Structures are given as C-alpha cells and as structure tokens.
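Student: Given chain P's structure and the hints, the job is docking chain S onto it.
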Amino acid sequence: MTDTNQALKFTPLHALHLELGGKMVPFAGYAMPVQYPAGVLKEHLHTREKAGLFDVSHMGQAFLSGSDPARALESVTPADIQGIPDGMQRYGLLLSDAGGIKDDFMTTRLAGEAALYLVVNAAMKDADFAYIGEKLKGQATLAPAPDRALLALQGPLAADVLERHSPGISQLTFMQARRVTVAGVPAIVSRTGYTGEDGFEISIEGKDAEKVARALLAEAEVLPIGLGARDSLRLEAGLCLYGHDMDDSIDPVEASLVWSMGKRRKEAGDFPGADRIGRHLKDGAAKKRVGLRPEGRAPAREGTEIADKTGRIVGRVTSGGFGPSLNAPLAMGYVEKDFAANGTKLDLIVRGKALGAEVVAMPFVPNRYKRVKK
Amino acid sequence: MSEVRFTDQHEWVRLEGDEGTVGITRHAAEQLGDVVFVELPQAGRKVGAGGEAAVVESVKAASEVYAPVGGEVTASNSALEAEPAKVNEDPEGAGWFFKLKLSDKAEFAKLMDAAAYQEFVKGL
Chain P
1 MTDTNQALKF
11 TPLHALHLEL
21 GGKMVPFAGY
31 AMPVQYPAGV
41 LKEHLHTREK
51 AGLFDVSHMG
61 QAFLSGSDPA
71 RALESVTPAD
81 IQGIPDGMQR
91 YGLLLSDAGG
101 IKDDFMTTRL
111 AGEAALYLVV
121 NAAMKDADFA
131 YIGEKLKGQA
141 TLAPAPDRAL
151 LALQGPLAAD
161 VLERHSPGIS
171 QLTFMQARRV
181 TVAGVPAIVS
191 RTGYTGEDGF
201 EISIEGKDAE
211 KVARALLAEA
221 EVLPIGLGAR
231 DSLRLEAGLC
241 LYGHDMDDSI
251 DPVEASLVWS
261 MGKRRKEAGD
271 FPGADRIGRH
281 LKDGAAKKRV
291 GLRPEGRAPA
301 REGTEIADKT
311 GRIVGRVTSG
321 GFGPSLNAPL
331 AMGYVEKDFA
341 ANGTKLDLIV
351 RGKALGAEVV
361 AMPFVPNRYK
371 RVKK
Chain S
1 MSEVRFTDQH
11 EWVRLEGDEG
21 TVGITRHAAE
31 QLGDVVFVEL
41 PQAGRKVGAG
51 GEAAVVESVK
61 AASEVYAPVG
71 GEVTASNSAL
81 EAEPAKVNED
91 PEGAGWFFKL
101 KLSDKAEFAK
111 LMDAAAYQEF
121 VKGL
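If you read the sequences in order, they're chains P and S. Going by our numbering, the first residue of the first sequence is number 1, and it counts up by one from there. Going by our numbering, the first residue of the second sequence is number 1, and it counts up by one from there.
Keep in mind that the hints were calculated from the coordinates and are not lab data. Since we're looking at a predicted model, the values are computed, not measured. A hint or two may mislead.
Pairs of lysine-lysine residues, derived as DSS-like cross-links and limited to a Cα-Cα distance of at most 30 Å, are as follows [stated by the list, open to error]:
1) S:122 x P:42
2) S:46 x P:23
3) S:46 x P:42
4) P:282 x P:309
5) P:353 x S:122
6) P:137 x P:266
7) P:287 x P:353
8) P:282 x P:345
9) P:9 x S:99
10) S:46 x S:105
11) S:99 x S:86
12) P:23 x P:50
13) P:42 x S:86
14) S:110 x P:353
15) S:99 x S:46
16) P:50 x S:86
17) S:101 x P:353
18) P:337 x P:287
19) P:266 x P:287
20) P:23 x S:122
Bound-form chain P, shown alone (with noise of 0.2 Å):
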C-alpha cells in the first residue's frame, strides 16, 4: 500500500464495492468503483434500459440555516433560490467574486422546513463548504453532513422498483424533493439525477447505506453502475462535469448555463461577477460551450484541439469519448463564439490529423424526466 492508498477515504459502501467485484480507483481523495465486472458499456446500456445503482456518497452534503438562508444563499450564486417552492430542488452555480464558476450544486428546500438541503460535487466539498461559510458569515450558518450517504438510483424502471420500497414514491415529479421512508429507513429524496434519464436520488445514514442499496440491487430489474458509466451517461446527457466542462475561470454565459440564473437576479444583476455577466448577457461572450459530434468512430478527447477549416483553432475539447448509446463519438468544448452555432463544420486535430465534427445540439440522448405535464 502507497500513502496515497492510505489517504484516501472510503463510502460507507466500500466493502459492498469490493464483494460486487468493483475496480476501486481513487477519484476526488475517495476510492470508488469505476466498473464492476459487467463493465462500462454494458453498465451505461442497462441503466438506460432498466435501472443502475450508483453510489454518490462522496458528494457534499450539508444544511444552511439562518432567520433567512434562501436569501443569503443568492449572494453567491444567481440562481433564484428564494423562488424555489416547497417540496422542491433547484440546479444552481456557485460564483467567485469575478464571476467564474467555483462549482454547480443542487438547492432543495424540503417542505416545512426552515433548512436548505445543499449538495455540492465531491471535489470541491472543501472548498465550497469553506467559502459558502465564510461569504454567509453572520446571515446562515453552514452545517456539513458528512455522515450521510447518497445514492443515485437511475433509469426507465427506476420508479418501478424504488415504489416496491418506498411506496408512493413514483408520484414524485422531475425536481421534486421529500422525506420518506426508503426500505424502512429515513431518506431524503429527490426526482432527480445526472444521466439524462428518469431516476432519484436517496440520501441516508451511512449506517443505512449498505442496508437500502442492498434491497435495490435485490431487484432484478438494477445493476451496480460505476464512475465509468457515470461519465458516459452525463456526457451523453450533455452534462457539465467540473474541473472538465466548467471552471472559476469560467462564467455562466460561457458555459451555455443561463438557463440555471433565475429571471429575476439576471434583471436585478445582484449576483457576484454581474458586470462580467450581464455584459456577456447582453452582447454574448467570446467562447461558448458546445455539443460536438466527431463524422466517423474516432473518439476525441478532453485536450483535443477544435479547428476551423482554414486549420486555425478556435477552441479545446472539454470532455470527449464514446457514447454507448449513441453508439458513436460525442464531445463537448469551448469554441469561438463565430463558431458556436449548431451545424458549423469544424475540425478536431486526433493524433495530428483534422477529423470533420459537427456543432450540434446538446442533449446527445433525449433526456427522459418525469416532468410534470403541462
């Protein structure tokens, strides 16, 4: 054993892992499952078949209190958080003072109660919990969580099989958020996921961790999935992941995330890098983050460099791979924003050599979410 093997943390499902013969890797200071022997293929193909079994659990979960946490939270992040209704949770990005992306976290404020349920990606768990604390100083008060577990429960039949243990469950909505019982433990969870397909999210205990994943990987219908599929499925979905797709010198505009700022902080302008922001708002920004699908089998990596037909470049592949789905490569990066509109022809240098891609629209794979009906 290295130090780094000593040093790194385990989830409260890491025996689990190893009986279900998962490759431990180390990701994010933790050791978690990339595959187990079914593979990262057949892994991302049944969770968007059936049902795959993911744990979360070194994600950053923690709770804000305070006589007003919604509104202190909007100091550093512009999505509209005082708007989100009981019951329900909200997609935001956590801004630096200049306006760059420090991270992107999910908000839920659970229904009758005063605490804002918070989880942050497990690389930036630290950082984010540091500065979140230290900018709400004397407004909220952040309580980290680390004892809990989290638990990704994702696919078609996801809703099938979770209602067996948690009945009622199914009549949640995409973004929906609630306190129940999961296999006779208590749980928060949330209609939510990072695959692109219909699925929740069940954060527990660590001490009921093993016993709830235990009963869902009971069903005939679910597959243990590792951080291999992980990657894929989120990709496929079109889906940022940080540090890769998004970072703090990056700002909302360029990360095509509009969509997370609330309408009302983008007409108040009252979030940290609003000069910056509003500016790129208005007048666009000079790269812009886009799908790209490589013509042939040839994947395109995270690095790969964006050309355009003259050989000039004019931008970075940010995450790059092969989309089992999709049964094709796909890839995501920055390009100029003469380049950003969906159709442009643009080269990606492989290896030395110009490969045809295409801008396209993201998501890759329809995403499938229970959205409520309009």
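Tutor: Relative to the frame of chain P, chain S by itself:
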C-alpha cells in the same frame, strides 16, 4: 509451427516464417474494458521495435499499441474497424491488429515466452 512471444507493454506477436501477427493480450483487453475504436497501421509502413503502431480506445481512454518487433507492416485487421468488440472477445485470435515482416528475428527471441509473461502479469 508458430511461436508466440509477449512484451511488457502487453502486446503479443506470433511468428510464422518471417511474418509476425500482433495483437494485445487478454490481460490488456480486460484492463482496457470494452473496446470501441481501433486505429490500425497501413500496409507498407515501417515501424521500429517499441514504436507506436496502433491505437486502441475504450469508452474511457485511448492507449497506444507498440510494435513488439521492428519491420514493415504487411496487413491490418480491418474487421476491427466495424467490430472493435472482437478485441475483447478474442484478443489473442480474431482480435489481432496487424501483421509485419520482421527486419530482425533476434528482436523476437528477446521477448517473453508465455510462461515468463504470465509471471510478469502476476507480479503487477
């Protein structure tokens, strides 16, 4: 009678006369996971022992395939372009990558035999 040798980069080469057939080992295929793309060298290309000769990509990552011995490429397994999964199904058979005419058979003799390669993998 053909003979198979292995490299510490997890390629195999089967020698018949002065022609070698090259692929990646079962161990390498298992480590890579599901192969989704291969890039093969064209016939006529000259490669040195240990030189980059092909590329194999799984869902997650791209890896180089090195020439176990030097020589001139005589053929590549174009069936892999349509069916890259053959690399996982039969890595040391139908999943071969390319053939080459050896420039120096002494390079072949220096590689590991099956028993030595098994020991090498065990030690990883």
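Student: Take the hints in turn and mark each one as holding or not.
Tutor: Outcome of the hint check:
1. S:122 x P:42: Since the Cα atoms of residue 122 of chain S and residue 42 of chain P sit roughly 27 Å apart, the hinted pair holds (cutoff 30 Å).
2. S:46 x P:23: Violated: residue 46 of chain S and residue 23 of chain P sit about 38 Å apart, past 30 Å.
3. S:46 x P:42: 37 Å, violated
4. P:282 x P:309: OK: residue 282 of chain P and residue 309 of chain P at ~29 Å, within 30 Å.
5. P:353 x S:122: With a Cα-Cα distance of about 38 Å, the restraint between residue 353 of chain P and residue 122 of chain S is violated, given a limit of 30 Å.
6. P:137 x P:266: 24 Å, holds
7. P:287 x P:353: 24 Å, holds
8. P:282 x P:345: At roughly 26 Å apart (the allowed maximum being 30 Å), residue 345 of chain P and residue 282 of chain P satisfy the hint.
9. P:9 x S:99: 46 Å, violated
10. S:46 x S:105: 15 Å, holds
11. S:99 x S:86: 17 Å, holds
12. P:23 x P:50: Given that 30 Å is the threshold and the Cα spacing comes to 22 Å, the pair holds.
13. P:42 x S:86: 15 Å, holds
14. S:110 x P:353: Violated, at roughly 34 Å.
15. S:99 x S:46: 12 Å, holds
16. P:50 x S:86: Distance ~26 Å between residue 50 of chain P and residue 86 of chain S Cα, so the pair holds.
17. S:101 x P:353: Judged against 30 Å, a Cα distance of about 27 Å means the pair holds.
18. P:337 x P:287: 5 Å, holds
19. P:266 x P:287: Between residue 266 of chain P and residue 287 of chain P the Cα gap is close to 20 Å, so the pair holds against 30 Å.
20. P:23 x S:122: This hinted pair holds, its Cα atoms lying about 17 Å apart.
Hints 2, 3, 5, 9, 14, counting from the list given before, are not met by this structure.
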